[in-house]
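*Asks:* Work out the full structure, taking the sequences as your base and the hints as a guide.
These are the residues of each chain, in order.
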Amino acid sequence: MTTTDLPTTAPARPTGERVLTMQVNGEPVAALAEPRTNLADFLRERAGRTGTHTSCHQGWCGACTVLVDGESARSCLTLAVQADRAEITTVEGIEDPDGTLSRFQQALIDHTGFQCGFCTPGFVVLGTEIIAEARAGARFDRAELLRRLSANICRCTGYAGIVDALESALASALEDPDPAEQAGRHGSGEAGA
Amino acid sequence: MRPAPFRYREPRSLDEACAVLAAEPGDVAVLAGGQSLVPQLNARTRTPGLVLAIGRVPELGGVTLDGDRLRIGAAVTQRTVQHDPLAARVPVLVEALGHVGHVPTRNRGTVGGSIAFADPAAELPLVLLALGGVAVAHSASGQRRIPAAELFTGPFRTSLRPDELLTAVELPVPAHPWVFEQRHFRRHAKVSAVAGHGPDGALTVAVTGVGGTPVVVPTPGAGGAGDADAVAAAATDLVLPNGDRYGSVAYRRRLVAVAVAAALSRVTPDPTHHTPSREEAA
Numbered sequence: 025m026t027t028t029d030l031p032t033t034a035p036a037r038p039t040g041e042r043v044l045t046m047q048v049n050g051e052p053v054a055a056l057a058e059p060r061t062n063l064a065d066f067l068r069e070r071a072g073r074t075g076t077h078t079s080c081h082q083g084w085c086g087a088c089t090v091l092v093d094g095e096s097a098r099s100c101l102t103l104a105v106q107a108d109r110a111e112i113t114t115v116e117g118i119e120d121p122d123g124t125l126s127r128f129q130q131a132l133i134d135h136t137g138f139q140c141g142f143c144t145p146g147f148v149v150l151g152t153e154i155i156a157e158a159r160a161g162a163r164f165d166r167a168e169l170l171r172r173l174s175a176n177i178c179r180c181t182g183y184a185g186i187v188d189a190l191e192s193a194l195a196s197a198l199e200d201p202d203p204a205e206q207a208g209r210h211g212s213g214e215a216g217a
Numbered sequence: 002m003r004p005a006p007f008r009y010r011e012p013r014s015l016d017e018a019c020a021v022l023a024a025e026p027g028d029v030a031v032l033a034g035g036q037s038l039v040p041q042l043n044a045r046t047r048t049p050g051l052v053l054a055i056g057r058v059p060e061l062g063g064v065t066l067d068g069d070r071l072r073i074g075a076a077v078t079q080r081t082v083q084h085d086p087l088a089a090r091v092p093v094l095v096e097a098l099g100h101v102g103h104v105p106t107r108n109r110g111t112v113g114g115s116i117a118f119a120d121p122a123a124e125l126p127l128v129l130l131a132l133g134g135v136a137v138a139h140s141a142s143g144q145r146r147i148p149a150a151e152l153f154t155g156p157f158r159t160s161l162r163p164d165e166l167l168t169a170v171e172l173p174v175p176a177h178p179w180v181f182e183q184r185h186f187r188r189h190a191k192v193s194a195v196a197g198h199g200p201d202g203a204l205t206v207a208v209t210g211v212g213g214t215p216v217v218v219p220t221p222g223a224g225g226a227g228d229a230d231a232v233a234a235a236a237t238d239l240v241l242p243n244g245d246r247y248g249s250v251a252y253r254r255r256l257v258a259v260a261v262a263a264a265l266s267r268v269t270p271d272p273t274h275h276t277p278s279r280e281e282a283a
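These protein sequences, in sequence, are chains E and V. Residue 217 is where the first sequence ends in the numbering used here, and the numbering goes up by one at each step. Residue 283 is where the second sequence ends in the numbering used here, and the numbering goes up by one at each step.
What the hints contain is simulated information worked out from the structure, not anything from laboratory work. As the structure is a computational prediction, the values presented were derived from the model and not from experiment. Beta carbons: idealized from backbone N, C-alpha and C, even for Gly. Take the hints with a grain of salt, since some may be wrong.
Said to hold, decoys possible - What the simulated footprint calls covered on chain V by chain E, stretch by stretch (three residues with Cβ under 8 Å from a Cβ of chain E suffice, anywhere in the stretch; the number is not a length):
(1) 26-37
(2) 103-115
(3) 136-149
(4) 157-169
*Replies:* Following this line, the structure appears as structure tokens:
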């Protein structure tokens, strides 16, 4: 079954549950969810993708960051129904199908960019979006990377290893373009608070 | 925590959205990007009977320029506006957007949503007030244009009626460069200032993070460089005794004075001149 086989407006059930369909890491997923179900819970409990971590449910920590149609989002602050018919990329979808880690994932290992690992899925997704923007022409200095990575919280590393890993992966990605890596929609960098 | 159960409507037209609001005023929460509402739903500080999702209403999209007015549809995300070539005509808006949340929240959060939420520390309500923008609202009984000065009535409070939907915000394209400055302690005790010259050359300074709403700083006869201290002092006097665990009143007053001084040091009536912020200069 593909997502296009279903009617655009699936009938609501008395509980408010409705069928949601998404492409999750390239695979179609269709499952029932209440309107109040957030995307993080839908991915973990309905799509079986437990790599996306949840903690604060307030948007502070970023552990639940996923890509929605190529753009990073807090999946705890996104209702699953808002992502109906969207393409979702979770941390499980970052590596190659054969299990080869992405440049940034490998760089996180090489630069000790994690300790307990709880925040790592969110950082992997966040960094993947930045690398996609760099491939589309954006340029990032270390100060800008710090601003971008400040979106997510890591309580172990002090961030230095994460920033080192992203700098290294960015340099490597720009030296050796690989068009297979996902391209983001927004091509230019920006200042963040 | 997870949200309490609610009914969910996803109208496909503005008329349908207004009809829903007219039928159930008061028990409806409007959902655009969800970056302010969903945290409240998750914490159950808001438990609406119905969530009205406006993200797929076609009339609420689009950034357009009508003469010297920039119009931003209520469903347009902050990140889209940041990269929009028409929005670039209002550089102070783009500068302020860089301070709103983070990229993942700006990817989903909307300009209209932030303004309707009316957080007393938020950047976008300040920009709307400082530039003299307008909030456009629709209801089953028609359209209402609300000047920013009449929109923000208190912390998280606006003059939007329960049956009204914010459909767009309009900002005048300034003839002179306006500037945005923000000071905070690790993103807490956040204080922001916007300054610029109007078409008649008069200086406007507005600040937020000082009380319940963004406010315009009285600048009687200000314009000369020597008046900067007086304007900063006037802004300092606007800080209400709203100290919290993140910043005492005295600390906020200091932040306001510094933010206003920084804004005034960059602002100029020369339309060809742009002084970079410290973020740009970094």
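*Asks:* Decide, hint by hint, whether the structure agrees.
*Replies:* Structure-based check of each hint:
1. 26-37: Holds: 3 residues of the segment 26-37 of chain V have a Cβ under 8 Å from chain E.
2. 103-115: holds (count 6)
3. 136-149: Our answer is that it is violated, as 0 residues pass the Cβ test (under 8 Å) against chain E, missing three.
4. 157-169: It is violated, with 0 qualifying residues against the three required.
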